[in-house]
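As they're listed, the protein sequences go chains L and P.
Quick note: the first sequence uses the numbering used here, first residue 10, plus one each step.
Quick note: the second sequence uses the numbering used here, first residue 3, plus one each step.
Think of the hints as simulated: they come from the structure by calculation, not from any bench.
Think of the CB as a built atom: it goes at the ideal place given N, C-alpha and C, for glycine as much as any other residue.
Among the hints, erroneous ones may be present.
Over the 12 Å line for every Cβ pair with chain L, so calculated as not near, a few chain P residues [said to hold, decoys possible]:
| # | residue |
| --- | --- |
| 1 | GLY70 |
| 2 | ILE101 |
| 3 | ASN127 |
Dumping the calculated DSSO-like pairs for lysine-lysine here, alpha-carbon to alpha-carbon at most 30 Å [to be verified]:
| # | chain 1 | residue 1 | chain 2 | residue 2 |
| --- | --- | --- | --- | --- |
| 4 | L | LYS172 | P | LYS24 |
| 5 | L | LYS102 | P | LYS292 |
| 6 | P | LYS52 | P | LYS64 |
| 7 | P | LYS81 | L | LYS102 |
| 8 | L | LYS18 | L | LYS102 |
| 9 | L | LYS18 | P | LYS105 |
| 10 | P | LYS162 | P | LYS24 |
| 11 | L | LYS18 | P | LYS110 |
| 12 | P | LYS105 | L | LYS102 |
| 13 | P | LYS292 | P | LYS162 |
| 14 | P | LYS162 | P | LYS64 |
| 15 | L | LYS133 | P | LYS110 |
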Amino acid sequence: MATAVRRLKPGRAVLLLLSLIYFVLPIYASLQFSLENVQGGFTWSAIRAIPSQPGLAGSVWLSTRIGIVTMIILMLLVVPTVIYVHLRLPGMKRTMEIITLLPIVIPPIVLILGVLDATPLGLKASPYLLSLVYVVLALPFVYRSLAAGLDALDLRTLEEAAKSLGSGALRTIRFVILPNLRSSLLSAVVLSLALVLGEFTMASLDLWQTLPVWIVNFSGSDPHISTAVAMLSLLGTWALLALVVFLDRSHSRRLRKGLVQ
Amino acid sequence: MIDAGVVGYKWNAGTLLRTFRKSVPVLPFLMYVFFVLGLPTIVITALAFKSGNGHYTFSNIKVILSGGQYRAGFENSLKLGVVTAIIPGIIGTLIAYAIASSKSGALKRIVATASGVLANFGGVNLAFMFVATFGAVGLATTWLNAIGLDPWNYGFNIYKLWGVAFVYMYFQIPLMVLVVTPALNGLRPSWREAAEGLGASPWQYWRRVGIPVLLPSVLGCMFLLFAGGFSAYATTEALTGGTVALTPIQIGAYLNGNVIATEQNVGYALGFSMIIVLLIAVIGYSLLLKRSSKWLQL
Numbered sequence: 010m011a012t013a014v015r016r017l018k019p020g021r022a023v024l025l026l027l028s029l030i031y032f033v034l035p036i037y038a039s040l041q042f043s044l045e046n047v048q049g050g051f052t053w054s055a056i057r058a059i060p061s062q063p064g065l066a067g068s069v070w071l072s073t074r075i076g077i078v079t080m081i082i083l084m085l086l087v088v089p090t091v092i093y094v095h096l097r098l099p100g101m102k103r104t105m106e107i108i109t110l111l112p113i114v115i116p117p118i119v120l121i122l123g124v125l126d127a128t129p130l131g132l133k134a135s136p137y138l139l140s141l142v143y144v145v146l147a148l149p150f151v152y153r154s155l156a157a158g159l160d161a162l163d164l165r166t167l168e169e170a171a172k173s174l175g176s177g178a179l180r181t182i183r184f185v186i187l188p189n190l191r192s193s194l195l196s197a198v199v200l201s202l203a204l205v206l207g208e209f210t211m212a213s214l215d216l217w218q219t220l221p222v223w224i225v226n227f228s229g230s231d232p233h234i235s236t237a238v239a240m241l242s243l244l245g246t247w248a249l250l251a252l253v254v255f256l257d258r259s260h261s262r263r264l265r266k267g268l269v270q
Numbered sequence: 003m004i005d006a007g008v009v010g011y012k013w014n015a016g017t018l019l020r021t022f023r024k025s026v027p028v029l030p031f032l033m034y035v036f037f038v039l040g041l042p043t044i045v046i047t048a049l050a051f052k053s054g055n056g057h058y059t060f061s062n063i064k065v066i067l068s069g070g071q072y073r074a075g076f077e078n079s080l081k082l083g084v085v086t087a088i089i090p091g092i093i094g095t096l097i098a099y100a101i102a103s104s105k106s107g108a109l110k111r112i113v114a115t116a117s118g119v120l121a122n123f124g125g126v127n128l129a130f131m132f133v134a135t136f137g138a139v140g141l142a143t144t145w146l147n148a149i150g151l152d153p154w155n156y157g158f159n160i161y162k163l164w165g166v167a168f169v170y171m172y173f174q175i176p177l178m179v180l181v182v183t184p185a186l187n188g189l190r191p192s193w194r195e196a197a198e199g200l201g202a203s204p205w206q207y208w209r210r211v212g213i214p215v216l217l218p219s220v221l222g223c224m225f226l227l228f229a230g231g232f233s234a235y236a237t238t239e240a241l242t243g244g245t246v247a248l249t250p251i252q253i254g255a256y257l258n259g260n261v262i263a264t265e266q267n268v269g270y271a272l273g274f275s276m277i278i279v280l281l282i283a284v285i286g287y288s289l290l291l292k293r294s295s296k297w298l299q300l
């Protein structure tokens with residue numbers, strides 16, 4: 010890192026240094042804010058007080074359940090469709106790309122207006138209505154990361170090779186295509202999970218107290234504790250990201266050594 | 003890239019039937035997207051043109067256009083979108099260029115990963131972080147105050163429109179870095195060598211080659227940034243508690259029941275107006291990106 014910076018021209022070094030400050034300072038300031046007492050000294054009290062906050066455990070559990078249901082729909086509906094389109098209907102790729110642009114045209118704050126109106130009453134009472142909508146919000150991430158993985162594979166050759174060895178279509182997908190899509194699937198899952206666990210707009214307007222909604226609702230009573238929770242949820246997300254990158258690297262390393270078939 | 007499946011299609015009954023049969027497995031997905039995304043959009047559009055008692059009317063749209071708080075909110079949102087597209091767009095392009103032209107692979111990887119994480123970072127956590135940093139008693143504010151440069155004494159207020167724009171830069175700059183980097187990588191060194199070989203100065207190279215080639219992508223990516231800044235809700239709501247007059251905030255207030263009885267469907271008209279603006283932005287983005295692929299293999 011240090012040598013990399015030294016190789017830069019002065020103008021660029023200043024630009025990168027200023028941006029580094031802009032991006033790191035808020036993280037540092039919030040960590041400090043979560044760990045200081047009224048006199049400005051260091052304390053763990055905000056962190057220690059977290060588990061006993063009313064409503065927090067419930068909101069974490071609610072976010073987790075919504076996240077799990079979202080992942081299930083993504084895996085059962087979206088992933089097979091994307092693979093199928095790349096295998097059998099390449100002419101539909103363009104349509105899929107347009108669909109992934111739609112969540113930008115109809116952003117969460119607008120979509121929730123229509124969703125609350127168009128949903129039948131029974132479903133409207135369920136928190137999993139949010140899962141249904143989050144699938145659409147996650148669509149761009151899932152599609153792009155899967156499409157990149159699929160485009161990098163020589164699908165036709167892989168499929169023909171599998172076929173000539175007597176493998177059926179499902180078997181080919183299970184044992185040939187999915188293992189090759191490992192990294193793309195992992196990054197799709199992590200990005201969508203991060204999105205679901207941090208989503209505030211629709212959850213708050215659908216009146217479900219998910220984790221981000223709890224943080225905002227609670228911020229009036231103790232800003233130190235709610236900032237601490239915000240930082241913890243952030244560190245949790247980053248740890249998840251790092252774990253996935255790590256798992257992926259160690260897997261491909263073992264793959265190169267021939268330890269994994 | 004040309005899809006082998008599309009070229010050489012002869013449209014007759016047989017191929018049509020085959021295409022239809024091949025499309026069947028995609029139908030559940032398309033139906034899902036229709037019910038979760040399409041149907042709500044249709045409902046919003048229909049209600050935007052209906053009065054409280056069910057008659058078709060333009061009065062909801064007129065309420066927005068004729069002035070007052072909704073017009074002000076819409077103008078503020080447009081301003082916020084434009085400013086948080088242009089300034090982070092320029093800064094992001096400069097950062098992406100500094101990184102793309104450096105020879106350090108480690109730096110490139112770190113910036114790519116960090117941009118990927120930070121670009122999706124709007125929302126509640128971001129609002130809290132900026133209050134702890136640039137709020138009235140935030141860390142950076144305290145530091146600057148100690149050297150006599152408290153930004154709050156110079157008109158800076160993180161809870162007002164331009165304070166919100168300052169916060170949005172936190173996810174807009176990384177987004178720009180992320181989307182514009184492929185274009186910068188597509189700038190071939192041979193073009194620069196050719197220009198220099200013909201006696202061009204660096205300025206002439208940028209004026210005649212670099213900027214014309216890059217401009218469509220950079221502008222296209224700015225359209226994408228505009229869409230994000232124009233429609234963001236969570237960050238501002240968590241930061242200001244809904245005190246800034248912006249269209250997304252007004253839609254939120256509408257949904258929470260803060261609405262005058264005579265303006266019953268104005269919320270839908272606001273949503274519909276946003277869809278129109280965002281549609282233009284996304285079309286601009288796609289057209290400019292297509293234009294840029296003339297020179298750059300993205």
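Results of checking the hints against the structure:
1. GLY70: The claim holds: GLY70/P sits with its nearest Cβ about 20 Å from chain L, beyond 12 Å.
2. ILE101: For ILE101/P, whose nearest Cβ neighbour in chain L is about 8 Å away, the distance does not exceed 12 Å, so it is violated.
3. ASN127: Label violated. Min Cβ-Cβ 5 Å, cutoff 12 Å.
4. LYS172/L / LYS24/P: This hinted pair holds, its Cα atoms lying about 19 Å apart.
5. LYS102/L / LYS292/P: Within the cut-off at roughly 16 Å; holds.
6. LYS52/P / LYS64/P: At roughly 12 Å apart (the allowed maximum being 30 Å), LYS64/P and LYS52/P satisfy the hint.
7. LYS81/P / LYS102/L: Roughly 35 Å separates the two Cα atoms, so the pair is violated.
8. LYS18/L / LYS102/L: Roughly 42 Å separates the two Cα atoms, so the pair is violated.
9. LYS18/L / LYS105/P: Distance ~12 Å between LYS18/L and LYS105/P Cα, so the pair holds.
10. LYS162/P / LYS24/P: 54 Å, violated
11. LYS18/L / LYS110/P: Given pair LYS18/L, LYS110/P holds - Cα atoms ~16 Å apart, limit 30 Å.
12. LYS105/P / LYS102/L: Distance ~35 Å between LYS105/P and LYS102/L Cα, so the pair is violated.
13. LYS292/P / LYS162/P: 37 Å, violated
14. LYS162/P / LYS64/P: Satisfied, since the Cα-Cα distance of roughly 27 Å is no more than 30 Å.
15. LYS133/L / LYS110/P: Distance ~45 Å between LYS133/L and LYS110/P Cα, so the pair is violated.
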